[in-house]
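*Asks:* Line by line, the protein sequences give chains A and B. Letter by letter, the first sequence follows residues 1 to 299 in full-length UniProt numbering. Letter by letter, the second sequence follows residues 1 to 299 in full-length UniProt numbering.
Worth flagging that the hints you see were computed from the coordinates, not collected in a lab. Source: prediction; values computed, not measured. Be careful, since some hints might not be right.
Any copy will do: because identical chains look the same in the list, a pair fits if it lies in one copy or spans two.
[As the list claims (entries may be wrong)] Under the rule of at most 25 angstroms between Cα atoms (straight-line distance), these lysine-lysine pairs were calculated in the DSS-like manner:
(1) Lys153 with Lys108
(2) Lys15 with Lys50
(3) Lys278 with Lys153
(4) Lys108 with Lys278
Number of protein chains: 2
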Amino acid sequence: MIVIRDTATLREEIKQRRRAALGADVQVGLVPTMGYLHDGHASLMRAARKQSDVVVLSIFVNPIQFGPNEDFDSYPRDEERDLALAEREGVDIVFIPTVEVMYPGPTKTKIQVSGLTSRLCGASRPGHFDGVTTVVAKLFNLVQPDLAFFGMKDAQQVAVLQQMVQDLNMPVHIVPCPIVREEDGLALSSRNVYLSEEEREQALVLSRALREAESAVTSGTVKQVTDLRRQLEQTIGTSSLALIDYVEILTFPGLEPLDENMLLNTIDQDLIIALAVKFGRTRLIDNIRLQKAEVHAYV
Amino acid sequence: MIVIRDTATLREEIKQRRRAALGADVQVGLVPTMGYLHDGHASLMRAARKQSDVVVLSIFVNPIQFGPNEDFDSYPRDEERDLALAEREGVDIVFIPTVEVMYPGPTKTKIQVSGLTSRLCGASRPGHFDGVTTVVAKLFNLVQPDLAFFGMKDAQQVAVLQQMVQDLNMPVHIVPCPIVREEDGLALSSRNVYLSEEEREQALVLSRALREAESAVTSGTVKQVTDLRRQLEQTIGTSSLALIDYVEILTFPGLEPLDENMLLNTIDQDLIIALAVKFGRTRLIDNIRLQKAEVHAYV
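Turn these sequences into a full structure, and let the hints guide you.
*Replies:* So this is what it looks like as structure tokens:
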């Protein structure tokens, strides 16, 4: 495994790996992360290792996707541990640029995906997704991967990036990978380290609310969008520390909102239930996808 | 020369050309155009032929860079003549997509370059450069060229695209090529066909104003930005049909405006004088670059 910190060396290394194949196909897989890696990231690296000849991991806490009052400065970092984990997972190239390498001057260019970014985290975190699409496009242009692996915990991010790739004809395939959870159900996140013991305990309500919602839909206990939302809010409300940012039931990947009175079994698309809830100063997100067949199961 | 009209065949053809080189460097040169080709475009193809192994010409009248009251529908088109010219200039691949091929659905993704796009044609044509950067990024992603050739008649376009490439780390080098003019000085443009005989005659005032401005600067006849602007406006004013959209003196490639009282010989950057002037319903642009050394010549 080699560690690269500048763009010229990165480009040259990838070029050499492709050239060495003498015209044969070399699949380059990219796993873009902000570091402080956990088993969720490990699952992305494993998927990349399985599907690619060359696995590139990028570690970069991207300032332009953080709002002015968000946790850019305090975002957890541990390069040594990250490198050990990457090595263990068989990563070939780790790209760890500084902010100055990625943004030598203030960037005048932004990529905006409209519509998809207006709801969920896009509404709570204005400008967040412009920062994500812009930095991911930069990483794509630097690495020129064939495949790029993203976790479904950031489901909106996956939908937004897929839209960007499609609209801009980017020569890369986005591979969404399943959410990885602790045994007790908490979705893995680098931000979980912020949680106090009590918050960590109460945060379990998120995965529980999602599981119960799924059962209620597949069993037909809830029939309308509004009932589903009410049940989710009630479950989350049982946690005294939970402060709801949003509870949304949308189509996936289009992220279109649904009429509150709509009957779930008349919806002819996959759905996503997405939550963002604060526990103390820590904002957690989680989601579950309901496939069309699942939503219609109780009919 | 082969003509390709869909994206999958284009990608495959480029891939094959690169693969055939068995790991050796293949320089792919792209000349993006809106067709109705003239000698200005031919000069781009010749530059591309000289510097590239594979020359790709794209012909696409891009709807999203036209405003609602602009000339998208009437923009001149002549595919047969364009193909003959491309063949003559040694183009390898011509890519001629339809609007449906480039935009299968409404695009949700836009690339915006701020600052550089707020003046000149960006001010007169709101949204124009978002359309240009977006379609050029799409073409770059489809062709993956090493070099891309653009005429300096659209100097602001060159500056904006260079900024985009730099900010997004696009793996392509923008090659600006000199303006090509008719013998009498009129800058070549597909839109020149719109001009009546009288308008065509009067449009010569643009290149004359730029030439006279250049002489005035290099000889020291005008000393301040304001004097230079006044002289340009006076010269253009001698044409009864000319309706000035803008006369701008800016730094290049930063396109920063200058204080009107500034002494030209104190400016430590290259400059550009850029004009947009309407003759009847036809809006023409032209420009001249003044290198720092030229501006300081009379000191």
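*Asks:* Does each hint hold? Answer for all of them.
*Replies:* Comparing the hints with the structure gives:
no. : hint               : result
1   : Lys153 with Lys108 : between (30 angstroms within a copy, 23 angstroms between copies)
2   : Lys15 with Lys50   : both (21 angstroms within a copy, 24 angstroms between copies)
3   : Lys278 with Lys153 : within (16 angstroms within a copy, 54 angstroms between copies)
4   : Lys108 with Lys278 : neither (33 angstroms within a copy, 30 angstroms between copies)
When held up to the earlier numbered hints, the structure conflicts with hint 4 and nothing else.
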